[in-house]
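2 protein chains.
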Amino acid sequence: MSNYKTIDPEEFAEIFKALSNPNRLKIFTLLASCCIPGTVSVLDSDDTACVGDLGRELDIVKSTVSHHIKELRRVGLIRTRRDGQKILCWVDPDLVNALREFFAF
Amino acid sequence: MSNYKTIDPEEFAEIFKALSNPNRLKIFTLLASCCIPGTVSVLDSDDTACVGDLGRELDIVKSTVSHHIKELRRVGLIRTRRDGQKILCWVDPDLVNALREFFAF
DNA sequence: CTTATTGTTCGATATATGTCGAACTATAAA
DNA sequence: TTTATAGTTCGACATATATCGAACAATAAG
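The listed protein sequences correspond, in order, to chains A and B.
Note that numbering that gives the first Met the number 0 numbers the first sequence so that position 43 is 42, with each residue one more than the last.
Note that numbering that gives the first Met the number 0 numbers the second sequence so that position 3 is 2, with each residue one more than the last.
Since the hints were made in silico from the structure, they are not lab data.
The model shown is predicted, which means the values in this text are computed figures rather than measured ones.
Any given hint might turn out to be false.
Heads up, simulated DSSO-like pairs for lysine-lysine below, C-alpha to C-alpha not over 27 Å straight-line [stated by the list, open to error]:
(1) Lys-16/B - Lys-61/A
(2) Lys-16/B - Lys-69/A
(3) Lys-25/B - Lys-69/B
(4) Lys-16/A - Lys-69/B
(5) Lys-85/A - Lys-25/A
(6) Lys-69/A - Lys-85/A
(7) Lys-16/B - Lys-25/A
Computed Cβ-Cβ distance ranges for the label pairs, DEER-style [stated by the list, open to error]:
(8) Asn-96/A - Pro-92/B: 37 to 47 Å
(9) Arg-72/B - Arg-81/A: 18 to 28 Å
(10) Arg-73/B - Glu-100/A: 18 to 28 Å
Derived coverage of chain A by chain B (criterion: at least 3 residues anywhere in the stretch with Cβ under 8 Å from a Cβ of chain B; other residues may be distant) [unchecked claim]:
(11) 50-56
(12) 78-84
(13) 91-101
Think of the CB as a built atom: it goes at the ideal place given N, C-alpha and C, for glycine as much as any other residue.
Taking the hints into account, I'd like the entire structure generated from these sequences.
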């Protein structure tokens, strides 16, 4: 694991912190599993809103979902784009790749 | 990322939480970079104590290091073994592999 | 323009966490 | 047995966080 010396501990700690909350991790995994990396995320094929759908899926109020989305976006794990009333979300494949390499021997 | 559906969010969130503290992440990376996976960890070739060495390296008191070691061990990221007065630490390669797969597309 | 829908921001609150120093335990050395 | 070294546990404190509901903002529909 020689690459461990090259990472910024503060930055990576922030990323792991973003994944340390169960609901936030579920949001991340939902987004990761429902979309092709690099493309816009949808929970079903009807192109529904991310924040609302995620809240309904996880049974948490939208203000909490919005807060979690903001945090995931802040550390770079996901990206967002407005489409009408809805905010579409998807995972950033580059950061996911960096995380996979972090755990590579 | 089809494997995202199979993980336990609570368990993985705990693991990420263990890595979410900068000092704890530094301990993990020090252990990961200084030892061959599966073997006993040493910071230098003199087989010195892990807790004391880590504390000196990171400039934090031993009670804090001990607390962090306990947390890393609780979630399975590291393993420990007593050797005389010293507690030797090393990373668990299986869990590191699982984390790498978690971020695999 | 008015109403409905979607998402954000704010304030409050309860809970968790990181850190330290002091006291204690365990092992080794003299 | 006494002393030294290494690590753990405990109590305390300050700080951060997760969550909710209410109020607000933006966009769409009528």
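Here is how each hint holds up against the structure:
Taking the CA atoms of Lys-16/B and Lys-61/A, the gap is near 24 Å; set against the 27 Å cutoff, the hint holds. The hinted pair formed by Lys-16/B and Lys-69/A meets the criterion: a straight-line CA distance of about 18 Å does not exceed 27 Å. A distance of roughly 15 Å separates the Cα atoms of Lys-25/B and Lys-69/B; the hinted pair therefore holds under the 27 Å criterion. Pair hint Lys-16/A plus Lys-69/B holds up; C-alpha atoms about 18 Å apart against a cutoff of 27 Å.
Straight-line distance between C-alpha atoms of Lys-85/A and Lys-25/A comes to about 20 Å, which keeps the hinted pair within the 27 Å bound. Of the pairs offered as hints, the one joining Lys-69/A and Lys-85/A holds, with about 15 Å between alpha carbons and a cut-off of 27 Å not exceeded. Under the criterion of a C-alpha separation no larger than 27 Å, the hint pairing Lys-16/B with Lys-25/A is consistent with the structure, at around 14 Å. Against the hinted window of 37 to 47 Å, the Cβ-Cβ separation of Asn-96/A and Pro-92/B comes to about 21 Å, which falls outside the hint.
For Arg-72/B paired with Arg-81/A, a C-beta distance near 45 Å fails the hint of 18 to 28 Å. For the pair Arg-73/B and Glu-100/A, the beta carbons lie near 26 Å from each other, so the given range of 18 to 28 Å is met. Judged by the Cβ-Cβ criterion of 8 Å, the region 50-56 of chain A is not covered by chain B as claimed, because only 0 of its residues qualify and three are needed. With 0 residues carrying a beta carbon less than 8 Å from a beta carbon of chain B, the region 78-84 of chain A misses the three-residue requirement, and the given coverage is violated.
With 5 residues having a Cβ less than 8 Å from any Cβ of chain B, the region 91-101 of chain A passes the three-residue criterion, so the hint holds.
Hint compliance for this structure: hints 8, 9, 11 and 12 are not met, and every other hint is.
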